[in-house]
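Colleague: These protein sequences, in sequence, are chains A and B. In terms of my numbering, the first sequence is residues 1 to 309. In terms of my numbering, the second sequence is residues 1001 to 1315.
Hints may contain errors.
Said to hold, decoys possible - Some residues of chain A that are not near chain B, with every Cβ distance over 10 Å (derived):
hint, residue
1, Ala118
2, Arg168
3, Trp266
4, Val283
As the list claims (entries may be wrong) - Covered by chain A, according to a simulated footprint, are these stretches of chain B (three or more residues, beta-carbon under 8 Å):
hint, stretch
5, 1055-1061
6, 1144-1156
7, 1302-1308
Stated by the list, open to error - Far from chain B by the CB rule (all over 12 Å, computed), these chain A residues:
hint, residue
8, Lys29
9, Tyr42
10, Arg86
11, Glu123
12, Lys185
13, Arg293
14, Glu309
Calculated from the structure, these hints are not laboratory results. Backbone N, C-alpha and C define an ideal beta-carbon position, used for all residues, glycine too.
Here are the chains, one letter per residue:
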Amino acid sequence: MERKVLFELPSLYRDNFRVTGLTFGSGKKSLCIVGNTRGNEYQQIYICSQIVRKLRELEAKGRLCPGHEIMVVPSANPYSMNIEKRFWPTDNTDINRMFPGYDLGETTQRIAGGVFQAITGYEYGIQFTSFYMPGDFVPHARIMDTGRDYVDKAEEFGLPYVVIRKARPYDTTTLNYNWQIWDTKAFSLYSATTERIDEESAESMVESVLSFMATEGMIQRRGHQGYRSQVIKDGDLVAVRPYVGGMFQSGIRINQRVLKGQELAWITDPYDGSVREKITSPVTGVVFFVHNRPLTYANTAVLKIVPGE
Amino acid sequence: MVKTIASAAMPVDETLEIKKARYSPQGRDGGKRISIVTGIHGDELEGQYVCYELARRIKERPECLTGTVDIYPAMNPLGIDSITRGIPAFDLDMNRIFPGSRDGAMTEYLAAEIIRDLMGSDLCVDIHASNIYLTELPQIRINELHEKELVPLAKLANVDFVWVHGASTVLESTLAFTLNSRGVPTLVVEMGVGMRITRSIGNQLVDGIFSLMRELDIWSGEISGLREPIVSSDPDEVLFLNASRSGIFIQEARHNTWLKKGESVGKVVDPLNGTVLEDVISPEDGLLFTIREYPVVDEGSLMARILRSGERQGD
Ligand SMILES: [Zn+2]
Chain A
1 MERKVLFELP
11 SLYRDNFRVT
21 GLTFGSGKKS
31 LCIVGNTRGN
41 EYQQIYICSQ
51 IVRKLRELEA
61 KGRLCPGHEI
71 MVVPSANPYS
81 MNIEKRFWPT
91 DNTDINRMFP
101 GYDLGETTQR
111 IAGGVFQAIT
121 GYEYGIQFTS
131 FYMPGDFVPH
141 ARIMDTGRDY
151 VDKAEEFGLP
161 YVVIRKARPY
171 DTTTLNYNWQ
181 IWDTKAFSLY
191 SATTERIDEE
201 SAESMVESVL
211 SFMATEGMIQ
221 RRGHQGYRSQ
231 VIKDGDLVAV
241 RPYVGGMFQS
251 GIRINQRVLK
261 GQELAWITDP
271 YDGSVREKIT
281 SPVTGVVFFV
291 HNRPLTYANT
301 AVLKIVPGE
Chain B
1001 MVKTIASAAM
1011 PVDETLEIKK
1021 ARYSPQGRDG
1031 GKRISIVTGI
1041 HGDELEGQYV
1051 CYELARRIKE
1061 RPECLTGTVD
1071 IYPAMNPLGI
1081 DSITRGIPAF
1091 DLDMNRIFPG
1101 SRDGAMTEYL
1111 AAEIIRDLMG
1121 SDLCVDIHAS
1131 NIYLTELPQI
1141 RINELHEKEL
1151 VPLAKLANVD
1161 FVWVHGASTV
1171 LESTLAFTLN
1181 SRGVPTLVVE
1191 MGVGMRITRS
1201 IGNQLVDGIF
1211 SLMRELDIWS
1221 GEISGLREPI
1231 VSSDPDEVLF
1241 LNASRSGIFI
1251 QEARHNTWLK
1261 KGESVGKVVD
1271 PLNGTVLEDV
1281 ISPEDGLLFT
1291 IREYPVVDEG
1301 SLMARILRSG
1311 ERQGD
């Protein structure tokens, strides 16, 4: 493993801001893996660290296939993480809304630009990322509908779902979107959690990435029994929204099968505990997303369900 | 007449309401309609004074009102109350969620209701105050896609500068883009600085709004001496000065002055070592229309924008 500083920015009173890449093997630029771009993506950096750990083991055993360069960038934003802030410390901008970046622009445009230059040109790109709404997800891979031609590759992760996302205006400045514009087959991988480390989910995500790498001939490793991925469009997901806000109570977990009409959650009154709304499932299917904060706002999705018998 | 245009119940004993005040002749609706919007970004407060002063002057001469004026001073009430630019709790920039959706999340619902209420306006003015980092000369920013319809109106608004900028996909989710593409001409004003009120420029814009009202036959009263703005639609005319080093920015030039090539705009200094890290100089003759207000800069932070003057070398 080789450690290389990909981008550096001096600060007035802090240590230099550094984005570091850990490289395995040499040859064709086969795969680049990026961890957190936001300061609260702890699960994302953690998964990267575990992938690095595994790759070092494989390297020591001589089981990295020759001719492939694999780079892991555990964090594109150590500064925000060190102060427990989601976005950029001084101006609150989001690095993952600044791609492909601009080397003469604002600070986070420069960071995005510098990082993008270093991580471009790979055949495959994996980004561990998070959703802006707080909640737990069924682990899945997302690709943009503009990258639909490599959906079969996304199935190689063996994750339960592959979601094809219709690109919206604000998606055009994300890493995933720009990677695939610049001919890297890009996947965003969503783990169960963001701000909380979930060991089990991290471990299975590491397995998924390794099995992808084995299928693509980058490492020698016995295959793992993953899922046969179901490919869905983000529009297929059925959002369940309460009419009222209040305290959110639910015993439902991700990946749980639910029946149409089944009680899923309750919105209760924060003063007297009475039930303001019983939330029942509008369809039969599998729970894909569950809100994970104590309070919820009216009309805001608290559950998402993949419909299907 | 004050009316709630959108509301949502918050989880704990509070209703979020977005309100507008309507002024119309003799208490009846009639004539054309102008809508004045501000507070989409909760830390931009220059528009608060504009709304107050506009209402005060209308009430002083109600007989001059021949159309409808709707004033929406707080599109993001939670943001204004909590000194937050975006929508608190959702960590979302409210000006990236339009047109919204009536059956979307709370934020999207509010956005959709705002658009619904603004539809039918003959003109909308969306007042922003830069951010807490930069002071801006009163200016109107226009997406090049809407240049033809908007520039003639912008010229009547008593601003110093009209900046026609390139189209960008990301900006399609702004209030102004949504309204302009649905047939409601919308001018985006940027002026002053975040978290502050600058009365002089507030008064300047209020004069401009009366001038627009006069043009639309909403106001029959006198309007005072208007200025002719500089209009720029050539991207090469605006120079961006970004910090080449992280440090503390000290202003030297005065905002809204014409600078000569080589003249000092400011310095980036290192207080620990007592050294100058960067002399920020004007690369061309031009108007200093944006200057950094917040002293701490990272490499890349914008410190100034300069509008090149007409007679450039080699032209
Ligand atoms: Zn603003």
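Colleague: Compare the structure with each hint and give your call.
Modeller: The hints, checked one at a time:
no.	hint	in the structure
1	Ala118	holds, 17 Å
2	Arg168	violated, 8 Å
3	Trp266	holds, 13 Å
4	Val283	holds, 16 Å
5	1055-1061	violated (count 0)
6	1144-1156	violated (count 0)
7	1302-1308	violated (count 1)
8	Lys29	holds, 27 Å
9	Tyr42	holds, 16 Å
10	Arg86	violated, 7 Å
11	Glu123	holds, 27 Å
12	Lys185	holds, 22 Å
13	Arg293	violated, 9 Å
14	Glu309	holds, 26 Å
Taken one by one, the earlier hints fail for this structure at numbers 2, 5, 6, 7, 10, 13, listed in ascending order.
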